[in-house]
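Undergrad: I would like the entire structure built from these sequences, with the hints used as guidance.
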Amino acid sequence: MPKFEARSPKLETSSKFEFRISRFGLVSDFEFRISDFSPALVDYPRARLHIPPMTSQERLVQEIKTAMLAKDADRLSALRMLKSAVGYTQIEKKTDNLSEPDFIAVVQKEVKKRRDSIEQFEKGGRPELADKEKKEITVLETFLPKPLSPEELEQLVKATIQELGATSKKEMGLVIKAVQAKVAGRAEGKTISAIVGKLLP
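Following this note's numbering, the numbering of the sequence shown begins with 1 at its first residue and continues without gaps.
These are computed hints drawn from the structure, not numbers from a lab. Any given hint might turn out to be false.
Said to hold, decoys possible - Have a look at the derived ranges for each label pair, beta carbon to beta carbon: (1) Glu58 / Glu154: 16 to 24 Å; (2) Lys177 / Thr95: 19 to 27 Å; (3) Glu58 / Glu171: 33 to 41 Å; (4) Lys71 / Glu163: 26 to 34 Å; (5) Lys65 / Lys134: 35 to 43 Å; (6) Thr191 / Leu69: 31 to 39 Å; (7) Asp131 / Ala184: 27 to 35 Å; (8) Glu154 / Ala105: 21 to 29 Å; (9) Leu200 / Arg115: 44 to 52 Å; (10) Ala184 / Lys135: 20 to 28 Å; (11) Arg126 / Gln162: 44 to 52 Å; (12) Thr191 / Glu171: 17 to 25 Å.
Beta carbons: idealized from backbone N, C-alpha and C, even for Gly.
TA: Next comes the structure, spelled out in structure tokens:
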């Protein structure tokens, strides 16, 4: 039986080709063996995948799904109302996705609505409705950045007044607008106005 053997010294491999005659014609058997062969491992640098952080709007969608799976009706209701408010703002701004500042502004507006409702319900002797609004505020506030402490906010207002060179309450509007841009949702407009009014002569 004719045999052919090939050997590659570089890879330390052995190969064998066998041919035989049968009643069906020429038949070949191919056998490839690797003996004492350890291929060099090439360490290719791993590409670091840059995964952008989830936006607040994307997180809202995920939170709704989670609340649905958990069958948390109260939380789901608050989240869906926020999603609806975000949708209306998207239509107004003619955009598919809100920027983070715009999203935060929507959340703050929804929180304010509920605080106003709480005040009305408490005055009207409807504590059960006031409690419902409070629960919704708790859900909404999870989408707001950590608020500044009173001390931090006052220092920021002082620095802004100094930067703008404001010297009287006539410039309150200018100062408030500048501070609101800096805090990016970490303080309420009512609180900012109060501190600016206190610090400006």
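Undergrad: Check the following: the C-beta atoms of glutamate 154 and alanine 105 are separated by a distance inside 21 to 29 Å.
TA: 23 Å, holds
Undergrad: Can you tell me whether the CB distance of lysine 177 to threonine 95 sits inside 19 to 27 Å?
TA: 23 Å, holds
Undergrad: Return holds or violated for the Cβ distance of alanine 184 and lysine 135 against the range 20 to 28 Å.
TA: 26 Å, holds
Undergrad: Tell me if the beta carbons of arginine 126 and glutamine 162 are separated by a distance inside 44 to 52 Å.
TA: 46 Å, holds
Undergrad: For the pair leucine 200 and arginine 115, does the Cβ-Cβ distance stay inside 44 to 52 Å?
TA: Since leucine 200 and arginine 115 have Cβ atoms about 26 Å apart, the given range 44 to 52 Å is violated.
Undergrad: Cβ-Cβ distance between aspartate 131 and alanine 184: within 27 to 35 Å?
TA: 30 Å, holds
Undergrad: Taking the Cβ atom of lysine 65 and the Cβ atom of lysine 134, is their distance within the range 35 to 43 Å?
TA: 25 Å, violated
Undergrad: So does glutamate 58 sit 16 to 24 Å from glutamate 154, Cβ to Cβ?
TA: Given a distance of about 34 Å, which is not inside 16 to 24 Å, the answer is violated.
Undergrad: Starting from the range 17 to 25 Å, see whether the pair threonine 191 and glutamate 171 falls in it by beta-carbon distance.
TA: Taking Cβ atoms as reference, threonine 191 and glutamate 171 lie about 19 Å apart, which means the hint holds.
Undergrad: Honestly, do glutamate 58 and glutamate 171 meet the 33 to 41 Å range at C-beta?
TA: 39 Å, holds
Undergrad: Evaluate the given range 26 to 34 Å for the C-beta pair formed by lysine 71 and glutamate 163.
TA: At roughly 51 Å between Cβ atoms, glutamate 163 and lysine 71 fall outside 26 to 34 Å, so the hint is violated.
Undergrad: Honestly, do threonine 191 and leucine 69 meet the 31 to 39 Å range at C-beta?
TA: 37 Å Cβ-Cβ, so the 31 to 39 Å window holds.
In terms of the numbered hints stated before, the structure departs from hints 1, 4, 5, 9, listed from lowest to highest.
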